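S.K.: Listed here are the chains, written in short residue letters.
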Amino acid sequence: MKHMTRKATRHVNQNEGLIFEKSSAGKAAWKLPPLDVPEVDAGKLLGAAERKDLGNMPEVSEIEIIRHFTRLSTWNYAIDLGMYPLGSCTMKYNPRVNEAVARVEGIANGHPYQPEKISQGALRIIKTLSDNLTEITGMDAITLQPAAGAHGEMTGLLMVRAFHQSKGNARKKILIPDSAHGTNPATAAMVNYAVENLKSDARGMVDLPSLAAQMNEDVAALMLTNPNTLGVFEQQIHEIAAILHAKGGLLYMDGANMNALVGKVRPGDFGVDVMHLNLHKTFSTPHGGGGPGSGPVAVKRQLEPFLPAPVVITKGDGTLGFEYDRPHSVGRVRAFYGNFGMFVRALAYIQANGPDGLRQTTEDAVLNANYIRKGLEGTYDLPYSTPSMHEVVFSDKVQAKKGVRTMDIAKRLIDYGFHPYTTAFPLIVPGALMIEPTESESKEEMELFIEAMKSIAEEVEEDPQMVLDAPHSTRVSRLDETAAARKPVLRWKPGA
Amino acid sequence: MKHMTRKATRHVNQNEGLIFEKSSAGKAAWKLPPLDVPEVDAGKLLGAAERKDLGNMPEVSEIEIIRHFTRLSTWNYAIDLGMYPLGSCTMKYNPRVNEAVARVEGIANGHPYQPEKISQGALRIIKTLSDNLTEITGMDAITLQPAAGAHGEMTGLLMVRAFHQSKGNARKKILIPDSAHGTNPATAAMVNYAVENLKSDARGMVDLPSLAAQMNEDVAALMLTNPNTLGVFEQQIHEIAAILHAKGGLLYMDGANMNALVGKVRPGDFGVDVMHLNLHKTFSTPHGGGGPGSGPVAVKRQLEPFLPAPVVITKGDGTLGFEYDRPHSVGRVRAFYGNFGMFVRALAYIQANGPDGLRQTTEDAVLNANYIRKGLEGTYDLPYSTPSMHEVVFSDKVQAKKGVRTMDIAKRLIDYGFHPYTTAFPLIVPGALMIEPTESESKEEMELFIEAMKSIAEEVEEDPQMVLDAPHSTRVSRLDETAAARKPVLRWKPGA
Amino acid sequence: MRYLPKSPADREAMLKAIGLRSVDDLFTPIPAEYRLTRDLNVPRQMSEPEIVDFFRQRSRENGDGYTSFLGAGAYFHYRPVIIDSLISRGEFLTAYTPYQAEISQGTLQSIFEFQSMICELTGMEVANASMYDGSTAAAEAVMMAVRLTGRRSVVVARTLHPEYREVLATYATHQGMPLSIANYGDDGRLSLGELEKSITPETACVLVQSPNFFGIVEDVEAIAAVAHKYGAMLVVSIAEAVSLGIVEPPRSADIIAMEAQSFGVPLGFGGPYCGVIATREKNVRQMPGRLVGQTVDKQGKRGFVLTLATREQHIRREKATSNICTNQALVALMVNIFMTVYGKVGLKELARQNLAKAAYAVAQFAKHGKVPFAGSPRFNEFVVQTSEDPYAINSRLLGHKMVGGLPLKKFYPELGNAALWCCTELTPRSAIDTAVGLVAESERSVRSAKEEVEEVTR
Amino acid sequence: MRYLPKSPADREAMLKAIGLRSVDDLFTPIPAEYRLTRDLNVPRQMSEPEIVDFFRQRSRENGDGYTSFLGAGAYFHYRPVIIDSLISRGEFLTAYTPYQAEISQGTLQSIFEFQSMICELTGMEVANASMYDGSTAAAEAVMMAVRLTGRRSVVVARTLHPEYREVLATYATHQGMPLSIANYGDDGRLSLGELEKSITPETACVLVQSPNFFGIVEDVEAIAAVAHKYGAMLVVSIAEAVSLGIVEPPRSADIIAMEAQSFGVPLGFGGPYCGVIATREKNVRQMPGRLVGQTVDKQGKRGFVLTLATREQHIRREKATSNICTNQALVALMVNIFMTVYGKVGLKELARQNLAKAAYAVAQFAKHGKVPFAGSPRFNEFVVQTSEDPYAINSRLLGHKMVGGLPLKKFYPELGNAALWCCTELTPRSAIDTAVGLVAESERSVRSAKEEVEEVTR
Ligand SMILES: Cc1ncc(COP(=O)(O)O)c(C=O)c1O
Ligand SMILES: Cc1ncc(COP(=O)(O)O)c(C=O)c1O
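Chains as they are written, first to last, in our numbering: chain Y, 1 to 496; chain Z, 1 to 496; chain X, 1 to 458; chain L, 1 to 458.
Hints were generated in silico from the structure; no laboratory data involved.
Because the structure is a prediction, the values reported are computed rather than measured.
Among the hints, erroneous ones may be present.
Calculated cross-link-like contacts (lysine-lysine; reagent style PhoX-like; alpha-carbon spacing at most 20 Å) [to be verified]: (1) K493(Z) <-> K282(L); (2) K7(Y) <-> K301(L); (3) K52(Y) <-> K348(X); (4) K52(Z) <-> K348(L); (5) K44(Z) <-> K348(L); (6) K443(Y) <-> K16(X); (7) K301(L) <-> K493(Z); (8) K443(Y) <-> K374(Y); (9) K172(Z) <-> K247(Z); (10) K493(Y) <-> K16(X); (11) K298(L) <-> K487(Z); (12) K197(X) <-> K229(X); (13) K127(Y) <-> K117(Y); (14) K315(Y) <-> K117(Y); (15) K127(Z) <-> K315(Z); (16) K16(L) <-> K443(Z); (17) K16(X) <-> K374(Y); (18) K300(Y) <-> K247(Y).
Produce the complete structure using the sequences and hints provided.
M.R.: Quick look at the structure:
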C-alpha cells in the first residue's frame, strides 16, 4: 500500500464472542426489589399456560454486558468518528442536547393513554413541531404518525387514493421515475397501485414529453424525489405539476432530500400536494444503526380530511387534545401517535437552529457537495453534468476498465478512515458513487476525503488487485454474503 | 509474531490533531441566551483590569468537539474494554448506576454553602457513608474530607502528630517498610516527619526484630500497608501493633489494599489506630484517567478530637448539621467537605452489594489473584512464596537473562489486548510484575491473560527482540520519554 | 450556528475553489420565483439552556410524578441504567444501517443476538431485526400469511388491541383482504364457536393476541387447532413481552408478531417502540424486514452480514415483501440489552413479580367491585367493573397523583363501566391499596345513593 | 452479586485448580481470631431501582429547585450537555493514570490540551495536569514558592477565601512556615500599606486572590511590585475561573493557583472540583503534580507522555515536590471540554453576561441597601450590607425558594450584617428583582421600627 493515509491508522482492538458463549448458570446482572405483595403460585394462576423453561437465554453479569457491548461498539464506524457520506441518507451531526431532553422524566415516561389533562406537555411538543414542519414545507396540514419514510410514503399514497376515491375514481397507477428509491415502487404496490416507470432525460431530470405522454386519468400521482437521487433539482417542477394537475393527478414528493431545500425553497410553493419528511435525515434524529426514524406526511388543504386519526387540535378551553372523529380519515397507520421520541429531538434541532441556522445549514450542505464534486471531477466519471444540490453522483466507468467497481472503491475507502458513499444507486447510473457530505463536514475533513478518493484512483491504476482485496485495515474483510444467503444462519444455537 | 492472540486484533482507527489545529476564527460551539439585563461597558466597570484578548484559545464547532474527544477516547484502554490488572490500583468495575445517581439534580447541583435546612439530603449521604465505612473498617470515627489516598495519609499523619503533641511530645520519626508506596514517605516528609526505613523479612513481611530494634519514643507511627504491596497479609500484625503500642507509637494503615479484607476482617479489630481508604479503589468510584479520588481517614476513639473540621453531627432536633467548633482539630485539609460526588458513588456501591455482596467481592478478588498465581507459577519467578491475598507479585528474573525486562513484557502484553500490570514496584522486588485482577474478572478473561503471559514467556525464549520492540499493534509505540524530559514541551504554541 | 464546522473564511475559500461568487449561485437551479426571500417563521435560534428549560417545562405538564395503572399495549417496567449508558455510545447511536459489514460488525452481531434471543423466548426458528411496532408487525405478519397461503381473507379476534385492529384495517383495505372479527366469550377469551363461524377455506390466517387486550392468556392451542383444521395460519400478537417470562409462548403459532417495548424501552408517549416478527424457518423468504446472518470473512473468521436482501425493497422494488427500510434498530438494541441483563432466570422472576402484583390487586378489587373474566388465566392486566363511570373515578384518582385504569367503553361499549388496569413490578402495594380504596368508596356511595332512592320509592 | 462475573461452577473449578477445598482456605493467612464471623452491619443488598429511589429522595431534601445567590468559591454556571456525553465514555471514565502511553494517548493528549489552554488563559508558561482543588493548589503553590526562594515566611491577604486560608494554615503548621495575614482597605482590596508592614526580606511569597473573596479584582500589578521589591514571589489564587474571560490575568504573578470548577464542573455540594497550578517555565522542576509532555514515538510520530516524573513521589519518595498521586483527571477533562466549547470568543461573552448580571444586581441593591467597596472593580460577586441579620433575611428568601447571599459575620465579624452575593449567566433578572424587593422590605421595616423608637424617645 504505497499511499498511506493522513486520516487513519490501525490500533489494537478487542475480540468478543457471542453473549451466549459467556453464559454460565448462576451469573446474573439483575436484582429485583423485595416483593411487597404475597408470593403467588404461577401454576395455580396460569395452569397449562405456565412457562417452565426459558431455553438458552444467557446468564451473565453486569460488567460482562458492559464489556460485550462496548467491545462490539468499537467495531462500528459512526458519524461521531468521521465523515459518513452515504448518499440519500443525510448522515449529519446528531446533537447531544436532543438526547438529553428526550430523557427528561415526564417526556420519557409519559403513557400514551394518560388523560389529556396531564398530557399537555407532549401535545404541545406535537403541535409545535407540526406547525414548524408545515411552515418549513409550505404545506397546510401534517400527520406525525408514520414511523419512517417508507411508512410516510404509504400514508401519503393512502391519502392520494382516498382523495381520488372521494372524487369517484381511485385511479390505477403511480408514475415513478427510474431514478427513484426502492421504497417508492414498493410502497405503491402495498397500496395496490400499479407502478409505471418514468424515464429521465439526458440531464437526469424527469423527461417532460414522456410524462405528458404517460399522464392520464388512470394516473393517481407522480412520486417525485426533489432534488432527485442524482442530487439534481427538477428545474421544470412547475411544468411537471401543471401536467399532473391538468389531468387531476397529484404530485407526491419524497422529502428524503429536504436537506437541500430547508429555508431556501418550500415544496408547497412549487406545486407539491403531499410529501413525507425523514426526521432521521433532515432533522438530525440519530440513525441508531438503522432506526428508529419518523416520517411525517404534510399535505395541502384538499387532502387534510384524509389524514390518519387522531390529529391534535386546540380545544375550546385553549388546551390541546386528540381528535378521533375524522370520518374521511384513511385510518390509523400505527398504534398511538408515532415515534414521539423523535419529535422531541427534531423540535430541539429546529430550536437550536432557528430560521437563520436552518438556512445556513442548507447552504453549507449544498456547498459541501459542490466542493467535493469540484475536487473529484476529472478523477471520477460524472454521468450528469447538471448542477448538484446536496449530493453528487459519480460512476466507476473509468475504474471499471481496470476491473475495479464502485463497491471495491468503497471498500478501499474504509482503509482511508471513511465510511463509504452509497454504492450502485440510483439505478440509472451504472456503478454509481453517490456522495452526500451534509453540512456537518468541515473543510478539513472533506479535503481528506477528496485526497483519499484521488489516491484510490491512482491505486486503481497502479495496483488494482490491492484495491480489489480491500479493506486491509479492518478486523474482518469481505464477508461471504453469498454463503450467508445460500445457507442462512439467522440465530445462535447451542453447540453451533 | 508466531503466537497470535485469541484476545485481540487490529482495526482501523481515526487520526486526530490537536484541537488548536482545528480552530478557525468564527467557528463556535456555544450560544448564550439573550441577556435579560442591560448590557455593560466592561472598560468602564473594570478599567485597566479589562481583558481584551484571550490569546490562542480555540474556535471550533460542536461536532468537531464530539469527534475530537470521541477519536481521542478510542486511543485509550479502559476497564470497560478488558482486564486492567494494575497491582495496587484495584481497577474494578465502575457501576453505571453510580454515575446516574451522582447526576440527580439536587445531588449534582447542591451548593456547599446552602443552608443546612435544605442540605439534609447531602448530609444524610455523608452520614450514612461514614457509618458504613467505620463499620467496614472497625474504627470509631471518620473524616471524608481528604481528596485522595495521599491526602488521607497527610490528614492521618497530622492527627498522629496532634495526638502525640497532646501527650507532650510530637515525636520525630515515621517507620515505613521498604515495600511501601511512594506516597507514604512523601507524606511523612510533608508533615515534617523523618522517614526511617523498615526492612522486610524473607517472607516479605515486616521484620519483627528490626521493628523491635527501631521502635522507640521518637517514633510517632508505623505506616503499614496490609495486605502489603506484595499482596501478603502481615500475619504478625498483632505483634507489630503490640510493639508499637508498648512504646506509645501508633499503627497507621494504608488502606489501599482493603479490597482484600472488606467483610472478612476489620483493621480496627487487629490493632490499627488510624487508616485511610481509597474510595476510587475499594469502593468502585471511577479512576477517570487519574482521578478524582477520595481518601477518607478512619480513626480510633482516642484520635477523634483531632479530626479535620467540620464534622457531621446529629443535632438536637434530629436533623443533621456541620460542627465547626473542634478545638483540637488538625484543621481543614480542603475547602468545603471533600469529593462529595465520590461519596455518592461509594454509597451506591455499598448498597448494591450489601454485607453478602461485599464479602463475596473480597473472596472473588483473592480467588482471582491466586488463580493467576497458580497459572503463572513456574513460568515467571515468584520472589516470595508467602500466600497471596488480592494480588501477586512476580519478577522478571527468568526473562532478564534474555535481556527482556518487566516493562518489555508489559509492552508486549498490550499486543495481546491487555493493560499491563504494575511494573517495577514494589522496590524490594527487582523487575517486579505486580498483578491485581480484582473480583471483576471472569474466569475466561483470566485464562486469556494467563495464556498471553505464557505465550510471551515463550516469545522471550524464541525471539526476544520482537518482545523488546513491542507493542506492535498500537497506533504509536515506545514513545521517547528521555527526549520528553530533556527538552520538555508542555504546551501547544502557534506554529509549533 | 454552533453545529456547523465552518468559519466565514472556510466558506469563502470553498466558494472560490468551486468558482462561484456567492452562496446564491449554488441555488440557481431552483427557479427564482420559488426561492424563499424571507426567514422561515420558526422560533429564533435558542441556546442550549433555553432548549433544556423548554422541555423541562413540557415535562412538568406531562404527568411527571404520577403513579399509573395504565397498560393496554404500553407498559411501565424498570429500565436498567446500563441500557442508556450503552446505546448512548456514538458508535451505536450515530451509525447507519450496517450495509458495510467490515465497519458495522458491532451493530450486526448485536442484531444477530437479538434475533437469537427473540427465537429463544418465542419458541420460533427465525426472527427479524425489527419492525416499526407491534401494530404494524401484526399487519405485516397477516400480509405475510396471505402471501404464504395464497388466500386473502383474515379472521381477527376482537380481543386484539383495538388500535392494532384499526391499523390492520388500514393496511388491508386496498389489499382486497376481507377481515372478519370474531368475538370473545364470557371468559374474556376468543370464542371458539365464533371463530368456527368466521373461518372458511379461504381464510389465510387467524390473528389473535395473547395475553389479549383484557390481559387474559388465550387458549392458543385450541385456536391453532381450529385454524390449522381449515389450512389457515395462526398469527399471534404479543403486546406485553414480559409475559414471556412466565407464560408459555404460542409454540403452535405459524407467525408471531411482537411488541417488545416492555423490554427496556421507555413509554415515551407511545414511541419509538420495537416491533418484531418471528416464524418458522420455512417461511423466512416471505418475511418482511431486515435479517442478519452469520458467515465468514476471506480469512475464515466468523462475522455477520445483512442477508436475504432479495426480499427487500431496495432489490425487489414493487415485488418486495414489504416497503420497510429504516426500522427500529436502536430500540432493538435497548431490547437486546434488557434481555441480556435479565436473562434466563431474571426474566422469569420479573414476570413472577408482575403476576403477583396483578393477582394481589385483583383480589383487593374483587372485595369491593366486580372483576369480569375472573376465572381466566391472566398476566399483569385485568378488567374492573364499577357502578360509577370510570372517567369520574379516574379524575378523583388524579387528585391523588394517580392514573386509573383505561375505560373500555370507547372500544367495547357492551362492557359499560369496565376499565382495564395494569400492575407491574413498579406498582407499589400502597398505590394499589389507595386505588382500591377509592373505587370501594365510589361503590359504597353509589350503593347508598341507590338505597336512598329505594327508600323514597318505598 | 450482579457485578461479579462468576457462577458457582466457575468458583468451584478455580478453587480446584488452585488446589484448595474451600474459599476459607484463601484467608488462612489472616489470624483466625480476627476473621469476621458475622455479616457487616451495612444495608442489605439493594436493587437498582431502590438505589435510584434512595438518591432521588435525598435530592428532594437537598435544595432541588431553589434559585441561589451563592458563590464564594463554588459557582453555578451552565454545563454544556456534551461534557457529560463525552466524559461518560468508558474509555475516559474507566481508565487509570496514563502510565502506559501506547494505550493512553486519548487521556494524554487531552491533558496536554488542558495544560495549553490553562496557559493561554492565565498568561503563564506551564500548567500542571490538576491538583485536588483551589485550596490545596494554593497551599502547594506556597510550598513551591518556599522551595524556590529558600525562604519560609508567607504573607497572606485577608481577602483570600477564608477556607483557603484555613487549609494553608494546616499545611504550613508543621512546615515551620510562619504566616502573616495582611488586611484589606476601605476599597475591599488588600491594603498595600498592610502588605508593606507584613512583608520582610524573609518572605517567600505573598498569596492573594483575584477576584478576591469579596468579588473584587485586586491590584495585582501593585502587589507584585511590592512583593518583588522584597525578592518575594507573588502567588495568585483564582477561584472564579470564568472571570478570566474578561478580567486581565495576573501576568506579573510568579505562580497561579486556580480552582477551575466554574468551567463545567457541577457544584456537587463542594466536590470533586479541579485545582491547577501554572507558573513560569523556569519554576517547573519545583512544580507539584503530573505533567504531560509532547514527544515522538519510534517511527517519529507525535505522541504524549507523562514527564518530569523525577519531581514525583513514586520516584523521589520523601524528596518529592509533593505527595500527590491521584489527582482530578476526569474533572480536568470536563474543564477541558468546557474551555473548548466556549473558546476564544464564547468565554469572553460568557464573562460579559456575568459582569452585566452582577452590575445590574448591584445597582438594584444600591437603591435600597448599602453596597460596600462599591467603587472597586468587581466581577460577578458583591457584598451587600443590611440593617437586619442576613440569616433572618435568608430564611425569608427560602420561603420564595431562593437562597440569599452568604453572611460574612462568621469570617469577617467587623463586617456585621454584610453578605456575599453572586450572580451568574444563570441568574434570572426576575430572581434578582424578587431578592432585592425582599431586602428592601427588610430595610424599610427596620427603618420604621427605628423611627418608632425615636418617636417614643422624643
Ligand atoms: C430517497 C429515499 N426515499 C425513501 C427512503 C426511505 O426512508 P426510510 O428509510 O425512512 O423508510 C430513503 C431512505 O434511505 C431514501 O433515501
Ligand atoms: C499502596 C498505595 N498507597 C497509597 C496510594 C496513593 O493513593 P492516591 O493515588 O489515591 O493518592 C496508592 C495509589 O496508587 C497505593 O497503591
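S.K.: Indicate, hint by hint, whether the structure satisfies it.
M.R.: Checked hints:
1. K493(Z) <-> K282(L): With Cα atoms ~17 Å apart, K493(Z) and K282(L) stay inside 20 Å; holds.
2. K7(Y) <-> K301(L): Holds, at roughly 14 Å.
3. K52(Y) <-> K348(X): holds (9 Å)
4. K52(Z) <-> K348(L): Cα-Cα ~9 Å, so holds.
5. K44(Z) <-> K348(L): holds (16 Å)
6. K443(Y) <-> K16(X): holds (13 Å)
7. K301(L) <-> K493(Z): holds (18 Å)
8. K443(Y) <-> K374(Y): holds (13 Å)
9. K172(Z) <-> K247(Z): holds (14 Å)
10. K493(Y) <-> K16(X): violated (59 Å)
11. K298(L) <-> K487(Z): The hint holds at about 17 Å.
12. K197(X) <-> K229(X): holds (13 Å)
13. K127(Y) <-> K117(Y): Roughly 15 Å separates the two Cα atoms, so the pair holds.
14. K315(Y) <-> K117(Y): holds (12 Å)
15. K127(Z) <-> K315(Z): holds (12 Å)
16. K16(L) <-> K443(Z): holds (13 Å)
17. K16(X) <-> K374(Y): With Cα atoms ~11 Å apart, K16(X) and K374(Y) stay inside 20 Å; holds.
18. K300(Y) <-> K247(Y): holds (18 Å)
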